[in-house]
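Got chain H sorted already, so can you dock chain V onto it with the hints?
Read top to bottom, the protein sequences are chains H and V. First residue of the first sequence: 1, per the numbering used here; consecutive thereafter. First residue of the second sequence: 1, per the numbering used here; consecutive thereafter.
No wet-lab data here; the hints were simulated from the structure. Any given hint could turn out to be false.
Since copy identity is lost for identical chains, a pair holds within one copy or between any two.
Said to hold, decoys possible - List of simulated lysine to aspartate or glutamate pairs, EDC-like, C-alpha gap at most 16 Å:
id : residue 1 : residue 2
1  : K30       : E54
2  : K91       : D45
3  : K15       : E88
4  : K15       : D45
5  : K13       : E71
6  : K75       : D37
7  : K13       : D45
8  : K51       : D26
9  : K51       : D84
This one's a predicted model, so the numbers in the text were calculated from it and none came from an experiment.
There are 2 protein chains.
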Amino acid sequence: MFFNTRQRIMAYKAKIRVTLRPSILDVQGKAVQHALDNLGYSSVDTVRIGKYIEVSINEDNLADAERIADEACRKLLANTVMEDYSIELEKIN
Amino acid sequence: MFFNTRQRIMAYKAKIRVTLRPSILDVQGKAVQHALDNLGYSSVDTVRIGKYIEVSINEDNLADAERIADEACRKLLANTVMEDYSIELEKIN
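Only chain H is shown next, with the shape it has when bound in the complex:
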């Protein structure tokens, strides 16, 4: 009798939101707010535009996936001088 002893590698999906810090002027957001106002949506107050990034990570445990997502944000995805980021991890298999 044979058993398959190969360990299955887990995968996680990191859902990352990168947003401008509140003190930074968001000109793109302002433009969208004016455009919505021109379309008749006067109850729209402020618009802030950021990035949304989904990263699939093949790691066995959540801690490693978390570390990789955090390092990816700090090194590549977010400019931490001007931007904040938040990470939400989800197991996908």
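Chain V alone, transformed into the frame defined by chain H:
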């Protein structure tokens, strides 16, 4: 004795994620994936890049805020031929 009878207008924050449809090639995401691979993060599988938009809406009820957020997505924020969007509403006062 005086009472303030002015009705307070509620505000909602719509958190909108606009993502490329799965069938559309994401070249920006591919570039980020290669960059992460070059930095040594070989367990990163796929990267998809989208937009994250926060919209503050001054409306008295959730249904109106929802309608405005949905119309803003369809008319301005998302290209529904190539992109999907999801809206999450949160009361802010």
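Results for each hint:
no.: 1; hint: K30 with E54; in the structure: between (26 Å within a copy, 12 Å between copies)
no.: 2; hint: K91 with D45; in the structure: between (36 Å within a copy, 14 Å between copies)
no.: 3; hint: K15 with E88; in the structure: both (5 Å within a copy, 15 Å between copies)
no.: 4; hint: K15 with D45; in the structure: between (26 Å within a copy, 14 Å between copies)
no.: 5; hint: K13 with E71; in the structure: within (15 Å within a copy, 29 Å between copies)
no.: 6; hint: K75 with D37; in the structure: between (37 Å within a copy, 13 Å between copies)
no.: 7; hint: K13 with D45; in the structure: between (33 Å within a copy, 10 Å between copies)
no.: 8; hint: K51 with D26; in the structure: both (13 Å within a copy, 14 Å between copies)
no.: 9; hint: K51 with D84; in the structure: both (11 Å within a copy, 15 Å between copies)
Against the hints set out earlier in the document, no violation occurs for any number.
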